[in-house]
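Undergrad: One letter stands for each residue in the lines below.
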Amino acid sequence: MRATGRLPGEEGLWSFIAADMMLFALLFGSFLSQRAAAPSQFAEAQALLVPTFAIINTIFLLTSSLFAALAVQAERGSRPGGTRLYLILTIGLGAAFLAAKLAEYYHEISAGVSPASNTFFMFYFVITGLHFTHVVVGMGILAFVGFRMRGEVPPERRQYLVESGASFWHMVDLLWLVILPIFYLLP
Amino acid sequence: MFTGVSLFTTHTTWLGAGVIYALICSLTYLKCRFVIMIFMEIQEAPAGWRVFFELWMIGVTGMIVFLKFAA
Amino acid sequence: MTRQNYFWIRASLLSLFVFFAISLFFWGILAYNIPPLDGSISAADLAQHFRDHAARLRIGYGVALPMYALMLPWSVAVFALMRRIEGGDGIISYIQLGGGILTVVVMSMGNAFWLTAAFRPETDPAIIQMLYDAGCLTVDLFFGVTTLQYCALALVLLQDRAPKKLAPKWFLWLGFWLSIEFMLEIIMPHFRSGPFSWSGLFNYWLPFFGPITWVTVMTIILYRSVHRFEEEDRAALAASSS
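Protein chains in written order, with our numbering: chain A, 22 to 208; chain B, 268 to 338; chain C, 71 to 312.
Simulated from the structure, these hints should not be mistaken for lab results. Heads up, a few of these hints could be off.
Facing chain B, from chain A, some residues (calculated, C-beta under 10 Å) [what the hints assert, rightly or not]:
| no. | residue |
| --- | --- |
| 1 | Leu87 |
| 2 | Gly150 |
| 3 | Pro208 |
Cβ coordinates follow ideal geometry from the N, Cα and C atoms, glycine included.
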């Protein structure tokens, strides 16, 4: 069991996570302040989005975070084995998220929408696109973690790797939880 | 569960927009709090980090609430 | 390392600050880049700006341009210290060196375009605009070499095995983040106005001033680290002669 009062995984990664969260907070604030200045235009643009895509993606990401947390628990020994399976499930749901997101982008672009359409869609494509990149990177990190855990690896190192990968992944989920309401849900 | 409620709120017409807005903001805050405190284990983290994450959640939720009225 | 080498390493590290001071005044203030012209400026207004302030712009860009070379000794000094830390046949120090040298080239090229626009501002406004755009796009989209430079630097310092580390982990990981954050510039060519354009919050203010702050602190850390390497050398010399 690990001691409390510390951050899981690589401590330096948390600076990275904090900085990323601040960048997105700045992006969110930028979007929201533009929205406050032109509420009806933004509402019109928002009506072109299909919330179903976003709800499905939220389920994908929240569940994937659950599996990432289970992977961490498995490594800490409170659940029998299965870290590898949990990591695969996490990555798999990440891939499902990407597929759904691409389908959504295709739907939007076919409808004639683009980042140049208006300010709403400029922010929408940039913020969700940046998030998309983070999902890809997160999947890469988890795959790297899975790869590094093959063979004889000491338990502390295994925990460190899985905790680090999971921490980044949870941040990716967290960011999506804000993207969902600000673009899709707010009336 | 939270997602189900979100889905519900997008399809409800009989609740006033203000109530829906408040509901969405509080649910977002709670969902973020869950991921941060439980999944990211920040409730076990050093105090400085807990403060940072609390401020982030409050700041982001606050922006969603107050920037609605900025115009 | 000889005493003279340490002198040049220290002097070269400090050349970064000389460069910053010159650049701040000539590029930033004289050449009207801090704050920048709005990305949405029209060709006519841009040409008028270049015509109205031609002499001042020529001085600003004309002095700033050759001074980018001061980043060269700085990168080399950083390389020398990194090599001490990385040791052996490590290549990461060379990645920093390569990235640093290329950053000099890139920044200089961008300024050359702007200087050209100021050189003959009575020409067609469309040409002025294209030269201005070329400068902005060059400086912004060549970030790859600078990203590699800073990542290499942070990576080697993370490998520092000394009991008293040169820099805390969080600072080095912040360096990773800042240099990777440059990648947001990839979207910059798609926007001629707003926060993602050349002059915007996310593609001008953040990527310029974030890394500059980090690199300033890093250079101070490295400058103070030279003392440690001197001590190591003295100790090694004393040990081998006793």
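Undergrad: None of the hints should be skipped; say for each whether it holds.
TA: Checked hints:
no. : hint   : result
1   : Leu87  : 8 Å, holds
2   : Gly150 : 19 Å, violated
3   : Pro208 : 4 Å, holds
The structure fails to meet hint 2 from the earlier list, while all remaining hints are met.
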